[in-house]
Amino acid sequence: MQSQTIERHTLSLLVDNEPGVLARVIGLFSGRGYNIESLTVAEVNPAEHISRIIVVTSGTPMIIEQIKAQLDRLVPVHSVNDLTAEGPFVARELAMVKVVGKGETRVEALRIADVFRARPVDSTIESFVFEITGSGEKVDAFIDLMRPLGMTDVARTGSLAIARGR
Amino acid sequence: MTEERMNGAALIIRALQDQGVDTIFGYPGGAVLPIYDEIFKQNQLRHILARQEGGAVHSAEGYARSTGKVGVVLVTSGPGATNAVTGLTDALMDSIPIVCFTGQVPTHLIGNDAFQEADTTGITRPCTKHNYLIKSPDDVARVVHEAFQVATSGRPGPVVIDVPKDVQFGEGTYVPPTSVRHRSYNPQTEPSPGKVDEALSMLAAAKKPIFYVGGGVINAGPAASETLTKLVHATGYPCTQTLMGLGAFPGSDPLSLGMLGMHGMYEANLAMHQSDLIVCVGARFDDRVTGRLDAFAPNAKKIHIDIDPSSINKNVRVDLAIIGDCGIVLDQLLDGWKAKKLKADGAALADWWKSINTWRERKCLNYIQGKDIIKPQYALQRLQAHLDKDPREAFITTEVGQHQMWAAQYLKFEKPNRWMTSGGLGTMGYGLPAAIGVQIAHPDALVVDVSGEASFLMNMQEMSCAAQYKVPIKVFILNNEWMGMVRQWQELLHGGRYAESYTASLPDFVKLAECFGWTGLRATTPGELDDVIAKMIATDGPVIADICIAKDENCFPMIPSGAAHCDMLLGPSDENQSSVSSDGMVLV
Ligand SMILES: Cc1ncc(C[n+]2csc(CCOP(=O)(O)OP(=O)(O)O)c2C)c(N)n1
Ligand SMILES: [Mg+2]
Numbered sequence: 188m189q190s191q192t193i194e195r196h197t198l199s200l201l202v203d204n205e206p207g208v209l210a211r212v213i214g215l216f217s218g219r220g221y222n223i224e225s226l227t228v229a230e231v232n233p234a235e236h237i238s239r240i241i242v243v244t245s246g247t248p249m250i251i252e253q254i255k256a257q258l259d260r261l262v263p264v265h266s267v268n269d270l271t272a273e274g275p276f277v278a279r280e281l282a283m284v285k286v287v288g289k290g291e292t293r294v295e296a297l298r299i300a301d302v303f304r305a306r307p308v309d310s311t312i313e314s315f316v317f318e319i320t321g322s323g324e325k326v327d328a329f330i331d332l333m334r335p336l337g338m339t340d341v342a343r344t345g346s347l348a349i350a351r352g353r
Numbered sequence: 249m250t251e252e253r254m255n256g257a258a259l260i261i262r263a264l265q266d267q268g269v270d271t272i273f274g275y276p277g278g279a280v281l282p283i284y285d286e287i288f289k290q291n292q293l294r295h296i297l298a299r300q301e302g303g304a305v306h307s308a309e310g311y312a313r314s315t316g317k318v319g320v321v322l323v324t325s326g327p328g329a330t331n332a333v334t335g336l337t338d339a340l341m342d343s344i345p346i347v348c349f350t351g352q353v354p355t356h357l358i359g360n361d362a363f364q365e366a367d368t369t370g371i372t373r374p375c376t377k378h379n380y381l382i383k384s385p386d387d388v389a390r391v392v393h394e395a396f397q398v399a400t401s402g403r404p405g406p407v408v409i410d411v412p413k414d415v416q417f418g419e420g421t422y423v424p425p426t427s428v429r430h431r432s433y434n435p436q437t438e439p440s441p442g443k444v445d446e447a448l449s450m451l452a453a454a455k456k457p458i459f460y461v462g463g464g465v466i467n468a469g470p471a472a473s474e475t476l477t478k479l480v481h482a483t484g485y486p487c488t489q490t491l492m493g494l495g496a497f498p499g500s501d502p503l504s505l506g507m508l509g510m511h512g513m514y515e516a517n518l519a520m521h522q523s524d525l526i527v528c529v530g531a532r533f534d535d536r537v538t539g540r541l542d543a544f545a546p547n548a549k550k551i552h553i554d555i556d557p558s559s560i561n562k563n564v565r566v567d568l569a570i571i572g573d574c575g576i577v578l579d580q581l582l583d584g585w586k587a588k589k590l591k592a593d594g595a596a597l598a599d600w601w602k603s604i605n606t607w608r609e610r611k612c613l614n615y616i617q618g619k620d621i622i623k624p625q626y627a628l629q630r631l632q633a634h635l636d637k638d639p640r641e642a643f644i645t646t647e648v649g650q651h652q653m654w655a656a657q658y659l660k661f662e663k664p665n666r667w668m669t670s671g672g673l674g675t676m677g678y679g680l681p682a683a684i685g686v687q688i689a690h691p692d693a694l695v696v697d698v699s700g701e702a703s704f705l706m707n708m709q710e711m712s713c714a715a716q717y718k719v720p721i722k723v724f725i726l727n728n729e730w731m732g733m734v735r736q737w738q739e740l741l742h743g744g745r746y747a748e749s750y751t752a753s754l755p756d757f758v759k760l761a762e763c764f765g766w767t768g769l770r771a772t773t774p775g776e777l778d779d780v781i782a783k784m785i786a787t788d789g790p791v792i793a794d795i796c797i798a799k800d801e802n803c804f805p806m807i808p809s810g811a812a813h814c815d816m817l818l819g820p821s822d823e824n825q826s827s828v829s830s831d832g833m834v835l836v
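Taken in order, these protein sequences are the chains called A and B. Going by the numbering used here, the first residue of the first sequence is number 188, and it counts up by one from there. Going by the numbering used here, the first residue of the second sequence is number 249, and it counts up by one from there.
Just chain B, same shape as in the assembly (with noise of 0.2 Å):
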């Protein structure tokens, strides 16, 4: 076989080409030119110029949850991998397989405070996975197959790649994926012998099992919500998701209890809380989903299945661990629920179910819509309304804020990969430019942002990308002029004292939209709504809808941090009887 020899970019193309990548997200700048040339002379990959490094970062992880693909970034040195930084942070956060290549000033100024310099491997040491700077040419292609392996085995993540300028214009060698293999990095997929017989013995004695599910189970691919479906469907038992987990069971199943955790459902946490055996896949007992750690589920046994043996034992003390991919680890268990001719306890779980059924008629999620004002609650469940019956696949991203909770509350997410928020980092701006990401990934699906009038003046340049693209995202603003999330929070915890929530001097959404060649829709009250919503649909480029809200409502149910499970505060009646403790004043 001839060697290949070629310059340290077109090393970076090839390798990205031979890993069968289509997408890159990036920005230019003078550290990272000689790839961009390298861009240009060729037409398999295609790039989408963001405005902004951070949104380069968001619109690859909206690419890479609803394809299951990693999510190629490419900025220069400096200021643009620091601009990066927030990105990757998220992408860890919520195990999102990225690859980030930075720019770096030459080997030899390396140190020397030269222009755009950023110690980048240093930075971003504790937000990625890993990171590499590559010093050799020679280097490249190995270094690009590694980054890879390393994005989307075990735990996904992101990995930065930090690409030295006179490494970019270098010649090196080209190796192919097939010859590498990171040498000692291979976490463990299979579970351990012995370990779902014992899942099995628990499962099949359990009286008030639930099935706490998360977003592990998406990362592990689609077949493996499809097992998990399967089995929550040969067990009977129910089935709650969390914030990232929404999307791994069909939510519309009479088997899910829908989400749990801070804004959850009171069937859910109060099933979690009353609970024999918490079988939790993909999950992390994440301080949002616990609430005070000491009243958790204090009489359940508990089976933790997750492929990073670090997320056990973490935060609750668990029975049994099994370490391993969750596809494999649902299969296993699904053919030995069968093999062994399991049976559920059927009076017990007939009992079981008639408990979480009255726990149901507290209908939780019910409000008051009036005649004058949208309700945010109802804005969702129109906008549903309208995804049902649109022949397209709706795809949903987020902001951060009450809105986002509302939007985990009110929607429907029946299939996985088709709901992308930003759980973790719980990262204001991310929406916009994630469903940018998904747009591109399907260009023929319906992707909607919901979104907060707040966050969405933190990334909205990013408009200008949707525009260049020809995007057809759509942005559905519930506007209340506040940070309700936080608004909520200073009326609850400190006294009504509204210290720099309120949104003052907002843009006209509507003039926001069409300057930037968008259409701009707005609706003030609830008659005018269902007409926005269907222009919204309907229209064939990037929408923002303004949706004025409400201003004034708090997001319920909502446990108060630093409470148990079975203290939720239901709605603004069960407001003035809280009192939040001490000890939960200090959580966030």
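For reference, chain A alone in the conformation it holds in the complex (with noise of 0.2 Å):
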């Protein structure tokens, strides 16, 4: 019988950057009923007109093949690679948090930042904007952190992925 566990994936796509591309990549998933946890799309290469859409969803295996076959059935799709199956990746996420407060709350918030490496890439005498980069898990840590200390807007990307090695 065949595995009904759920995995999570990460795709990582090349396609032709093209009007309509995404529409064809996000109806593919609504019109098919599969999950879309998050998505991050750029081009990568101007010259030719390719870009990269990373794409993290999850389903029974069942699912996700179905899901790279369907991809790849696309016409303007030149690739589909499933970063989970072929091997150690790399992925990060990127998120920017407005932290708005003065005195004790305004010290303690610039101090959690420097311990999770974000940068504040813009200040007043009342707010930071705090740039965080890592993993899922550590962007929500800072989140929460945040939170208590007047966090009143937050901005985050989907993964982004790459495989490691050569």
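Among the hints, a few may not be true.
What the hints assert, rightly or not - Computed cross-link-like contacts, SDA-like style, restricted to lysine to any residue with a CA-CA straight-line distance of at most 20 Å: (1) B/Lys660 with B/Lys383; (2) A/Lys255 with B/Pro374; (3) A/Lys255 with B/Lys660; (4) B/Lys623 with B/Thr477; (5) B/Lys663 with B/Thr477; (6) B/Lys383 with A/Ala210; (7) B/Lys383 with A/Lys255; (8) B/Lys383 with A/His236.
What the hints assert, rightly or not - For each label pair, taking beta carbons as the anchor points, the in silico distance ranges come out as: (9) A/Ser245 with B/Leu541: 21 to 29 Å; (10) A/Thr320 with B/Phe363: 17 to 25 Å; (11) B/Gly765 with A/Ser266: 26 to 34 Å; (12) A/Arg353 with B/Gln436: 23 to 31 Å.
These are calculated hints, taken from the structure and not from any lab test. Glycine is no exception: its CB is placed at the ideal position from the N, C-alpha and C atoms.
Using the hints, build the complex out of the two chains.
Here it is, written out as structure tokens:
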């Protein structure tokens, strides 16, 4: 019998950077009832107009196999790599966290940011914007700590990932 | 070489001519007038004017399926494009190569809710294999050529090209087909090394094998069907076909078990259920075929040959997947079988056929034809008898419902590309326009649309198209005055509460035929049937034969939804004992 356990996979796609390509990828997930946990997109080869899409998804092994085959079938998709299945990879997320406050909480926020190696990228007398990169768990932990210290806003990317080694 | 410059509309026509297109099915409107103007100015491409854009797409499907060529469609923006959506979805589900041009408002108005603007690429994204919005006349020729490549390679499908009106007027440079290839799209057609050998050992070791073949074999071209036939003969194994695969293997061959699935043959479904090896060629383990998944062919190893990797392990986990063009893989299998001098296990095979023949003895297609009322099964058997006597090649299209399943069961298909039915989407109204497309491609053939009275009404405007082009199609209506298939499900699953399934206020089909310039015929008793069929076939122009059949006949055999292959209903006497599970009730 087929395994029914839900697995989480990080997929890395190279696609033609043309109008509608993202809609095709997203439409495939919504149309077929697959999950998107996070998604990041940017052009990585401007000369050839090729973008990389990193999508984190989850499902049974059979669903994951379907997702990969269905993605590969889209005409503007050049390649689909399952980083989770293919070996070790590094994954990072980036967040910007706005913290508003004065006095002791402000000092505490700065102190914790330092521990997390988060950098202030904007500061006023009453606020900071910290930039943090790291694993999803690290970013989560940082946000949890900032919340009681006057966090008013957060913006974060999905997962960026790349295979380790050559 | 001098550059050829022309406007976008002329570029489209030029590209189509270079693609070898001879026929376009379409319907004009403001957003495609420049293209119509170019059609007017030339004689190489013939335009067939449908009476609704949905009809145009189905006609193009009929044309494509009966020829193996691409069906080309041209419709206007907005409502023209939205009317085409059902046909495009139908072509996607049944893997039919279509290139459909849609007009679009000029580029600077896109997004402004302009008159007859629709987000055509947005709407058609999930119902096409791929689509394009052309932004510059210089892209026209490349996109058209690329669209033909995409529509025909790998698993075929429909491609939409949305062309804003300013792009049709603007000048661009022509490029020939040879200079265009999609830079990344290149589906695998050759199987990976070793796979065929593995399949051969499994084939030779099997004791209860069965070939289960589908529309992919037909899409791979007529040679694939010939190779399949040779391979089946070389092994001596039974072969069952899906609804889409009828004709991929000769229906009259003693090794054919006929169609399998929900309304398939008893022997075919039982053989699948009891087999120890299923060789699936160009089919997709669809829910109409497998029935209850956890009870599907419990003891069988499965080999799946398909050009589309996403078809593998979608519904059923297989033991060996061979990705590739069915034709190429079948060639290699046949060569390998001969070269290795493989042989079936004779004793096991004899036992296997013995079981199959006892299932055959059940004669699951038996029915009782009385004196007074025409049974649909009898009408189709008489139709087949008349087709057999006619020297012309017969092509059959159908609508959707009981008549479709009866046609699949009682007509015989010996060759590929002769049977056009809406399998995946189950689109009522498909058969009439599809028949027109088939007849346009095969002017001398005998083309019959086996129809239901309700389905016929869904696209009957196309009668006008058939009259205009003197397309002599024959519409054989199995008229039971009910949406029979709906009534059958209501009888089986909803306590006989026949909500809205009676087709009241039907037209007089004979008069309807006459008012469109067709010939109308009617048979109400078994005694009149043969004369009506003979006359229908002998008439030069288009004909409706209104065959008034038993109103309450159900289509058997039937695997009720959610049941397993071994739980078939064989006839009315089984109906009472059938209880459909609550899981089965929710299935379609
Ligand atoms: C466009 C569309 N609408 C609804 C259905 C659902 N449906 C399936 S069969 C059927 C009845 C068809 O009636 P008829 O054409 O008379 O054929 P019969 O079953 O009586 O042979 C209906 C409504 C469908 N398949 N397609
Ligand atoms: Mg009916």
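Numbers of the earlier hints that this structure fails to satisfy, in rising order: 1, 3, 4, 7, 10 and 11
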